[in-house]
Every structure is written in structure tokens, then in C-alpha cells.
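Chains as they are written, first to last, in the working numbering: chain D, 1 to 489; chain R, 1001 to 1501.
No wet-lab data here; the hints were simulated from the structure. No experiment lies behind these values; they were computed from the predicted model shown. Possibly wrong hints are sitting among the right ones.
[Unchecked claim] Listed below are the simulated DSBU-like cross-link pairs for lysine-lysine, each with C-alpha atoms no more than 35 Å apart in a straight line: (1) K1489/R / K1469/R; (2) K1489/R / K1402/R; (3) K1097/R / K358/D; (4) K1097/R / K382/D; (5) K358/D / K296/D; (6) K382/D / K358/D; (7) K1469/R / K1485/R; (8) K1469/R / K1483/R; (9) K1402/R / K358/D.
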Amino acid sequence: MTAKQSRGLGSVSEIAASVRSGEVSARSVLDKALQRVGELEGDLHCFNEVTTEKATADADAVDRMVASGADPGPLAGVPIALKDNLCTEGIPTTCSSRILAGWRPPYDATAVARLRIAGAVLVGKTNLDEFAMGSSTENSAFGPTRNPWDPTCVPGGSSGGSAAAVASGMVPLAFGTDTGGSIRQPASLCGVVGVKPTYGVVSRYGLIAFASSLDQIGPFAATVADAALGLEVVAGHDPMDSTSLDRPAPSILASLGDGVSGLRVGIVEDFLSDVSPECSAAVAAAGEALAAGGAKVEHVAIPEVLLGLPAYYVIAPAEASSNLSRYDGVRYGLRVDGPDVETMNARTRGEGFGAEVKRRIMIGTYALSAGYYDAYYGQAQKARTLLIRAFETAYRTFDVLLTPTTPSVAFPFGSKVDDPIEMYLCDLCSIPSNLAGHPAVTVPFALSPEGLPVGVQVLAPALGEALMMRVAASLEQAAPPGARGPVTP
Amino acid sequence: MSAGGTPGAGGTLSDEGTVTAYETVVGLEVHCELATTTKLFCGCRNAFGQEPNTNVCPVCLGLPGSLPVVNRRAVELALRIGTALNCRAQRSIFHRKNYFYPDMPKDYQISQYDEPINIDGWLELPDGSRVGIERAHMEEDTGKTTHVGGGGRIHEAGHSLVDYNRAGVPLVEIVSRPDIRSASQARAYVTELRSILVATGASDGRMEEGSLRVDANVSIRPAGSLEYGTRCEVKNLNSLRSLQRAIDYEVARQTALLETGERVAQETRHWNEAGGTTHALRSKEEANDYRYFPEPDLVPLVPDAELLAAAAAGVGSMPAERRRLLEQLVSGDSKAPIPARGDSSTDQVVTVVDLGLDELVAGAVAAGADPRLALARTANEAAASPEAARSLDRLAFAALLKMESSGQLSATQSKEVLAELIARGGDPAQIAARLGYEQMDAVALEAIVDDVIAANPEEWERFRDGDEKVAQFLLGQVMRATKGKANGKTVAALFAARRDA
Chain D
1 MTAKQSRGLG SVSEIAASVR SGEVSARSVL DKALQRVGEL EGDLHCFNEV TTEKATADAD
61 AVDRMVASGA DPGPLAGVPI ALKDNLCTEG IPTTCSSRIL AGWRPPYDAT AVARLRIAGA
121 VLVGKTNLDE FAMGSSTENS AFGPTRNPWD PTCVPGGSSG GSAAAVASGM VPLAFGTDTG
181 GSIRQPASLC GVVGVKPTYG VVSRYGLIAF ASSLDQIGPF AATVADAALG LEVVAGHDPM
241 DSTSLDRPAP SILASLGDGV SGLRVGIVED FLSDVSPECS AAVAAAGEAL AAGGAKVEHV
301 AIPEVLLGLP AYYVIAPAEA SSNLSRYDGV RYGLRVDGPD VETMNARTRG EGFGAEVKRR
361 IMIGTYALSA GYYDAYYGQA QKARTLLIRA FETAYRTFDV LLTPTTPSVA FPFGSKVDDP
421 IEMYLCDLCS IPSNLAGHPA VTVPFALSPE GLPVGVQVLA PALGEALMMR VAASLEQAAP
481 PGARGPVTP
Chain R
1001 MSAGGTPGAG GTLSDEGTVT AYETVVGLEV HCELATTTKL FCGCRNAFGQ EPNTNVCPVC
1061 LGLPGSLPVV NRRAVELALR IGTALNCRAQ RSIFHRKNYF YPDMPKDYQI SQYDEPINID
1121 GWLELPDGSR VGIERAHMEE DTGKTTHVGG GGRIHEAGHS LVDYNRAGVP LVEIVSRPDI
1181 RSASQARAYV TELRSILVAT GASDGRMEEG SLRVDANVSI RPAGSLEYGT RCEVKNLNSL
1241 RSLQRAIDYE VARQTALLET GERVAQETRH WNEAGGTTHA LRSKEEANDY RYFPEPDLVP
1301 LVPDAELLAA AAAGVGSMPA ERRRLLEQLV SGDSKAPIPA RGDSSTDQVV TVVDLGLDEL
1361 VAGAVAAGAD PRLALARTAN EAAASPEAAR SLDRLAFAAL LKMESSGQLS ATQSKEVLAE
1421 LIARGGDPAQ IAARLGYEQM DAVALEAIVD DVIAANPEEW ERFRDGDEKV AQFLLGQVMR
1481 ATKGKANGKT VAALFAARRD A
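This is chain R alone, in the form it adopts within the complex:
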């Protein structure tokens, strides 16, 4: 495992707790599918999950005679990403990257090479560390090959099926500088980058659908060394978990090599999710000379003022800024207790911003809800269905939170009403009434409290002697008797009043 954390931290903690003398160095290449309506060079739909080879035309099939034309919307989204990552936009050109592979219709990929559209940016992580961005360039995606038989690899397969729906889908490849120092920081980087990409509207951020794909360049070096070690590029990282595991595995593998006096070979390695290991690709699979040269079918991309303005206007407020605003909002005067789920409010802030629910919290607070309660209910409950929660009526949400704060509803009841509110909308007071959460009659509640005291004389004595633990037991008994309808704070007050009488 990795000790994670801050750049420049020397050494990583091994499982045995001994400090090894190596520092992890990671640079990430993140491929982001742009959320455009159509593909990068033709008018075919850019859509996931369609019947194979239905979103295709002469251009994205690379039929003889067809020519690419750049999708202006894709350029705008690429510029938005660059803006959000503090990059400099520049005149760029497309190159051809030549290699044979059946899922590449033209047997070359149109990509950007030494003159990319965005260069020299940075990304700030929630812990305040910064990762440099070398470039964020545009390119087209390939098709998708399914190797049938032979364990899914091309050389052992009986035959292969190719789906060109994805061919020509616009990608932006975001290349970080080798500033990442641990697997957990790599994970934090991708998490933050994903939030940024979603916030810009450039991507849907769905790693599971391949909208975001990560390759990791991993090396190690003696702690304190200024020279980089030999790196390996690890591919096929389809989730944050794979990313973290693969880096940990690579660091361990490379450490073992160096410890036994061997050298790390510069190579491309494939992450095997099931086995939890990486293996080198056959040298034939990577011995490519891509013969890059300027794509003669396209003209240089010179972003005009109109496009740059559209890109700048389209970039929403970034997650780091939104986290700061949300923290300010909740750190103000708040009477609600910190929820008992173990999440710190910082974690809740990260979750809420990541899911784009910060506006919901702000809206509820503006309508008079308690900020900390609004944050907690959003991070813990609303977060379960973020899509629906984003369109939740702010006033109704605030009204519900106020009912909970005032003791009109218990926490349990409030969560039930919230679930209903998110699922079907409506008025929280009416939902509460429909669910039978009418306010408990005060006299009836006092009678139940007295019954509980009478039925549990031993526990009551301990409570009177100041045993706080037994307070929860007594509360639980009242809740059972009232089927959860009683307000916890009211019950606690009733017990306290009888003890102090």
C-alpha cells in the first residue's frame, strides 16, 4: 500500500511498515470522449451502446475518397477543457499517426502531435497540491474490436469482430507532467479531473462506459534523486480502483527489480484486472514507428475570437472554487450536529461538488435551511440519485430540512420524505402526512416516556447516575414504542427533564 499524499514526500510505507528508499513518480494520460452530438470528422452520431456499425458513414469508415472535416463543437469543448486546466490555447495542426490495426479504419489515427491545441496548464487537487498539465490535445477514437476465442487477445483469437460506431468519436487526451507521487494522489487527480471535465460540459465522465480512459506512466527513483527512473506505461485502467491497484503493483514490481539489482525495462504493460498484475505486451505489439506527419486533408486550427469567447463562456465554475464556496457556506453559523456517519464535512463537500449538487445545498440554505444539515442530507441521501436530486425543488428541500431542524420530523422520517421528494416531487408536509408522520401528541409522548422508565428501572437508575450510553437505549425504546415517529431531541429533553426534576 501507499502512504499517499503530498508531492515530494520521500519514500512509501510498505505493508511491513518499513520505509523503502524509493519515491514513486507517476504521469497520467487521460483520454476523454467529448460529449458532442456528432463525431469529430463527420456527421455520424456520437452515442454509446448502439447496435454495432450503425453510426457509420464513408468518412468514419475511412472509405476510399472520403475526407475529414473538423467538428467545430469538438474544438470548442477542447478549448473549454484547456481553459479549465489553466492551459494556453494555441494554433494547432493535426498529424497522422500511422499503424495497422483492424479497428482503425484508415490505418492511421488523426491526432495532434507537436502543435497541440492546449499546452502548459495545471490542476489543483483538494489537498492543495498541484499537478502540471503538459498538453490537452484533440484526436479521434478508434473502433472497438472483440476477439472471439483465445482469451480475448488478438493473436490467440479464432476471429475478431469490429464495431466502428466509436471510430471518429472526438477525444481530448490530457497529459500530466510526472508530478504525481503516489497511487492515491493519482486517484485524487483522476477524480478531480473527472469533476472538472463534467463541470465544463465536455464529458459525461462515465469511466464504466469508457468516456474516460487512463494510461499511467509509472517509475520509481531513489528518494531525493532528481533524475527520473525508467518508466513503464500501464494500459487498460478502466476504473479508479484499477488505477490505484495497478500503480501499487507496478511500484512493488519495479522496487523488487531494483532491490535485486535488475533494471526496469521501458515498455508498455497491460493491467490484468482479474489477476491484479501487469504484463508486458509482445514487443511486436509495441514496436511501432508511427511516422507522424502533418495531416494534408486538414488545415491548421486557428481558434478565432468567437470560438475562444464561446469556450470561455461555456466553462462553468471549477470544482476547487465551488468547494471553497460550499465550505464557506457550511462553516458559517450552524446548529446541526455533525452527522454520525463518520464523514467529515470536508468529505461531504467533495462528494457534493463532485456530483454537481452544490447548487442544491446553496439553494436550500438561501431558502432558510440549516447549512450543515443541508450538506449532510445532500451528501448522504440525495447523493444516492444525483441525476434526480439536481432537479429537486430548492424550496421544498428547504421546507423539509426546516421541519427536521424544528423537531417536527425525526431524522429517519426526514430521510423517508426526502427519498419520496426526490423520486416523485411534491410538498414535504403533505408527504409527511401521507406517510403518517404527523407530529406526536405531546401528552401521549410523555406517557410513553413514563412507561419506558417504569419498564426499565435498572437502566433508568444508571441514566440518573450519569451513564450517557444507556441514554441511547432508552431513546430506542421510545422510538420502538412510537414506531420512529417521535422526535429524538424532544424525547431526550423529556428524559432530561425527569432526571433533573
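Okay, chain D solo, but in the shape it has when bound:
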């Protein structure tokens, strides 16, 4: 273990404040970020594309605004990284898939546009498991990302590139997407904070869909406060997304330091026997820390959470099988020609998609087929309803719930690739929040005996972001030093 603690570029709020005041230039902040990318990218492979030229122009534009007396916004000059399934106008957006290699969207995702308006400077597009399907980035068509804490281990996934870019201090803020844990699991494995907001809080317009009813965009940062700031910028109603909630962005930062005194915290015990000792120990320690802060901490059994994984692996592939139909070689992306249109479609998809994507398209197609719909998709939706009701019941007694984020710490490359079920189990504790549409956050809280970070997860009811982040901030305070990034590998 060679990872050393690092300050990275400093915090998001520090950078924005110093750029806004003119104390430092956005250009100099960017140069530091690009320098660190230059030093570490060869070892880690966080990025599919580093947008040096455009980033430089954007940083200069921020500096000109400051010079002219205008305010570039709350993320002025903050270098950010975006998962490569978020549409960026004119910049390749590939989902780490051969089928979209080189595709340049003609538009920005709503979240991306909001980040630009807030003054953020996009450094690059980060690696992911192809179409966000996976828990290790090993399913990327362009090679895996490595974990900055131990480059022989996976960074988690699917937003592994964004997690590793923040964890290695290349950027102080990154965004990913979370369908079943794709923000929280890599955040946990990389020792950073990762937030999955309430479904509908962040617009999905421009997020390349994996499973539409589960996908949410959320931030990665070294601290809870930085993640909260990032979330506040991208959140809020968007008329381009029918599932976007028609309400203003949640105010999170204001109450972040209010502590946990009097809060009722439930430790969900159903996961504890299925996770490694260091992960369950971290939850116990987190519970003690919250109790010490004045919270009332109790164990609670919610057996329905164990319905999550099987229900998810029907619903998510079903939606994916439909969402990924459009990659047919007709309009954009890869086309492999054939003598007729069906052969062209089949060859394009056969060569364009990787094994895991094909597996899920097949599972989903099967689950929606005539004669099987009720037994699979219908049944999974019923399980989803049961799970939502169980959470409702729990939240009558508790303000927030505490669980492990993942069943284990970062694992070596190749250790799970031949066993899809083993890989799917990585999302055991994170999936229920997606199915319920609830927010969840992971906070680095411990180090394993091997020196790898261990996260704990705080769950809250829909739109409970402010409370949830307050609890996360308290846990951050109580976490042992050295448990979180950035680190230098």
C-alpha cells in the first residue's frame, strides 16, 4: 500500500471563492488539475477524453468574467469531470461503448448546462462500465480504471472514472450516474463522498439512459460540503424531463452543520450478515458516533430490502433492453454493413456491444416477452411496491437509516468478472434506494486492515437530502483521519 494522503486542488468552495475574488485565476487552477491528470492518468485511466483545449478556453472565459466584474457563479473556475454517459455538446460521449465511439452530441445535458452556467470548467469525460452496467469499470470497451488507493484493485463502478478522478485529486468535483449504486459503490471503494439524489431532483435530460425509472445524476467530492454544493447546482425542475420534480432545488448547505442531536437513526440489520466484517464494523462504529452526537440509534429489521437485488435485475435490464434498441446503426454511432437492414442491425449490435450489455439486453428482452411479463416484470414491480411500503413504515419511526454501502472493500481486477451474480451482489445495499426513488449518500468512514477505504451509507425518505447530508456531515467529522481521499497512488 503506497497511497499517500493528498490535498489535491483544495476544496470546491475554496477554489470558487478564490477565483470569484480574483485571488487566483481559473486558468491556474485548471493548469494544476491538468498537471495532476498528466501525472496520474497513465496509471489510473480515469478519462475517456481530456478536453484540454476547450477547458482552457472555458477557464479563460471565467477569468475574463471576473476581470469584467461579473460573477461567474458558485462553481467559478472549479475543474470538474463528467461520466461519459452525460451528453456534452460537441464533445465525444461514448458510454464507454464501441457502439457510440466518437459520437458527439449536438446538445448539453441539463445538468451539464447548469454546471457551465455556474462557472465550472470541464476537464474531461470519465470512464465507466459500458452503458453504466457493472460494478468495476472492467466492462468499459476502452479498458478499466484503476483504484488510486491500490492500482491492482478496481475503483468500483459503474462511475469508476469519476470516483477515481476525485479520489486521486485530479478534480475536486465529479458527476456520475446511479442506477443501482453506480455512484455510491465506487465512491465507497475510492474513499470519497457520493450522492444519489431523490429520483426527479436532478434532470435526466441528456443522461444516456440505462434504466430510466432508476437513473439519477449525482456528485462525487472529497467532502460532504463539496458534494452538497455540487448537488445544489445541478438540482431543480427541468421542463425537458417529465419525471423531474416541479419544485426548487433543495437547500442543503445551510443546515449542514446542525448536527444530529435528537434525530432517530435506524441501523438496517438485514444486510449486516451479508457483508464483510470491516463493512459491518464500520456501520456499528458510525452508529456509535451518531449516538455520541445525540442521535437516538436503534436497529431495525426491513427484510423487504433483500427483495431489491432480484427485483432490480429484472426491472433494470427490461428498461435497458428497450433503451438500448436505438443503437441500430441507422442514425449515429457504429454501423457494420450487411446485405439487408436486419443483418446490418444485428452485426452493428453484435460488434458494438460488450458481453455484459448483451447479457442484460437478453435478460430484459426475455423478462418482457409475451407469456413471461407477469412472472418477471410484473412480479418485480410488485416487489418494488412492497419495498417502498416497507421504507414508508420504517420512516414513521426513523428520520434516517444507516447501512453498509458495499458488501466489501475494493477487490482485485478479474476476481469477479467470470461470475456475474457475484458482481451483481456489489449493489446489494445500494439498490433499494433506487427502487424506492429515495436519496442516499456514502461517506468514507473507516480503513480496512489492508488500508482500503470503507464507506457507510445514510438513507433518507424522498426529498430528505438536507437531513441526510447533515447526518453525513456528522459522520465525516467522526471518521478517523486517513479514511478518505484524495490520495496519491
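Got chain D; can you put chain R on it based on the hints?
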């Protein structure tokens, strides 16, 4: 050919005049493009006849990351259609219908499946028969593919061109119950439905531009049987004529199959306009499992009170009601003769209402015109250019009709003035004067009548003996001599006066 007509009529007449023992059963699916300004799920223009791929955006091209947002105006028009078809509006959801086709940008179509916006209605035909409406649901249109080479079919084509301008155009699919019993009733149904759709403002009704597209589910069964036969779905019916021909063809084909002891296979068949036949699609083209599931990108559609009120207010008075009103208007006291074109006044009423010209007739009558004459001139002359006729000045039209009724203008002259009035507007008296239709001098006309009698002594004798047929000949001679300026009724009176003198 079909004997047409009323539901439940057993048997159809064949060309040989023998009664076959089968009853025709037809259900129709009519796709209606909604006359919205923009598409169903994005802000692109909904317009016909533009340069290919100019009305497109990330949403209607199904680009990665794009999302649909329902057009509220389309929902309102769909609700209007439901109201006009006596349907019940309900909470509805969109589904995805999954299948691969190059003109479908997302390779799924957003449609409504088991929870459509309108259900359980009916439509009354001019003959009083009713056809049940199962549902009228919303969906998006696909793009348009042109297969180049290979006779225009996808499998033989050298290459294909796709135009996505139509992709995402809002459609309402109106599904009838299998209540239709003949090709002519099917035609009457589509004609009536088209009038209703135009009357609601939901559609421009232009079948030739694809605004209205019809698929027919056709089966036959032994007369008197309560069980339905196996049906075939016939597609590519682009006109009322195709619809009628295709149903007649299918009935004949299915009858021949059953007569020879074969079975009708349930399949989708394509109407070939040129050949006048239907053929089955390759099984591969229709062997689809659409894997419907609720569209996760959209929320349920719950029509609020405001939307329902707007829809109800927007539905104009329906053709059946308007026909009744118009019939009442003309069946009142009318002195005008029934025109000699062979149209019954019922046909004229149907035509006038269908073209939305009933208000013109009513307006003219209100201004003092003869109702039957107003109906005839509207159905026969004004109907030739309905767009312009709809904005014809009611008072000017009434003034013209009064000139004709009073004998100031002949029928021929009146039609000429009307054409001018519709084309350019103006005052009918001035137009008549400009065209030289000044009233004939009575003395001069009498002289001409006397000249005609003198020049045709044989015909005059026959007229005096009561031969009515020769009256037309004599009238014609006067008309020729006056270049059509004479009023027919005045001339007839002059001849009668000389005969009776």
C-alpha cells in the same frame, strides 16, 4: 360488389345476384394525425411537405439522452375526439411498443396500450346505424421510409432513405368495434369519422396527405352465426376507394377459401392498389412480440378539469346534429324546384355538412334566400371550392339567390355570378351587370319568343297539342337567341300565355 347497408343484414349479393351464406364483419383502425403546431413530445413543427429531415431535434430523432414531454395541446385534441365520439375520458398511461424498424428513431413507439385516454364510445352514421368505438388512444407517428429500387419494398431495395419529419407527429388511433357489415358501411363510417375529426378541429382530414390512415380488420362468418370468423388485417388503405375495394376483395377471397373447404389464416395483408389485390406480409415482417411495458420517461396522464373543460368547449356541433338542423331548414316552405342534377336533398345535406358549408346555407336563409335553392347552389356550385366558399359573404350570397328566385337572373347566369363572387367577392348585382346579365327588355324578349314560334311551326303545333318534351326545345331556341340571358321561367310563361290565348 356488396349490398351494403344496415348492420345485421344477412348475406351479401354477389355479381351474379345469388345470395351467399356469409356475413361480412369489419372493424376499422383509423390513425388520425392531430393538427397541432408542434410534435407530440418535442417542439419541432408538425408540418407536411417540408424538405426531408428539417423538422427534427434530439428528441424526435431519439438521440441518446433525449426525453419526451407530452404536448398539452395534443392531449386536448385527443380529448375532443373522445368527446365527439361519445367516449369516456380516463387516466391513461403511455407504453413502449418495441420493434426494430429504420423509420422508428428509438426502435420503440410511444403509444397507449391497456390504459388509453378514451374508451367506450360510438359513432352514428347518416343512415342511423351505430358503430361502437372501443378506444381512441394517443401515440407518436413514425418517420417515412422510401425504399429505392426493388419495387419499393424493404427487402428488395438497393438502399432506403428515411425522413424523420413525421417522426413524433401526434396521432390518435380510433379503434371501432367489429360492428361494420359491408364495404359501403365501412366507407360511410370513415366518411363520417373524417367529418367529425374535421369538425372538432383535431384534424385536417386530408387522406391524400396521410392525415387519416385506415387499417381494416375483415372477416366473414355464416349468416346468423354469433361467432366471429378469423380476421385479416389489411393495411395500406390510402383512400375511401381503396378501403371499399380492399374489403370487397378480402370478402371474396375469404369466401372462396371457405367455399373450397380451406381456412382463413389470421395475418396482416397489404393492399396493392394497382393490382386490386391483397397479399400476406412475410411472416418475418409481422412476427413481432412488442414487449409492451409502461413508458418510464413519462408520468400518467390525468386530465385535469381545465383540460376537460377546454376539450368540451372546443368540440363544435357534430355532423349528425348539423345535418338534422340543415334538413329542418330546407324542409320548411320552399318554392324552388328540386334541381335536376339527380342529387337528392339528403345527399346535398351530407355534402354541405361534410364540407363545413352548412353555416353558409343557414346564413343565406337567414338573410332571406330560398332554403332549397341555397342548399342546391351550395352543394353543387360552392362545394367546388369549399375553402373560399366558407368565407363567402352571407348577405351577398343571399342577394344573388334572391335575384335568381325572382327571375332577374337565369340559373346559368346565377352560377356564373356565384363563381365570381366566390373567387373575388363583390356585389352580385354589379357582377351581373359587368357580365352583361342586365335584365332582358320584356318587349324584346316577347319579339324573340314570337320569332322562335314563327321559325318552328311544327314544334309549336306539338307544344300546343300538349307535348311537354318539345317545350325544352323551344326554350333552348330562345336561350340561344338571347345568349342565355333570358330567364327560363319568364320564357316558359310567355309560351304558355301564347298557347292559352
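Each hint, compared with the structure:
Straight-line distance between C-alpha atoms of K1489/R and K1469/R comes to about 16 Å, which keeps the hinted pair within the 35 Å bound. A hinted pair counts as satisfied when its Cα atoms are at most 35 Å apart, and K1489/R with K1402/R qualifies at roughly 14 Å. Of the pairs offered as hints, the one joining K1097/R and K358/D holds, with about 20 Å between alpha carbons and a cut-off of 35 Å not exceeded. Restraint check for K1097/R and K382/D: the C-alpha separation of about 22 Å stays at or below 35 Å, so the hint holds.
A hinted pair counts as satisfied when its Cα atoms are at most 35 Å apart, and K358/D with K296/D does not qualify at roughly 47 Å. Restraint check: the Cα-Cα separation between K382/D and K358/D comes to about 26 Å, which is no more than 35 Å; the hinted pair holds. With a C-alpha separation of about 22 Å, the suggested pair K1469/R and K1485/R falls inside the 35 Å cut-off, and the hint holds. Straight-line distance between C-alpha atoms of K1469/R and K1483/R comes to about 22 Å, which keeps the hinted pair within the 35 Å bound.
Of the supplied pair hints, the one linking K1402/R and K358/D is violated, its CA atoms being roughly 78 Å apart against a limit of 35 Å.
Going through the hint list in order, the structure does not satisfy hints 5, 9.
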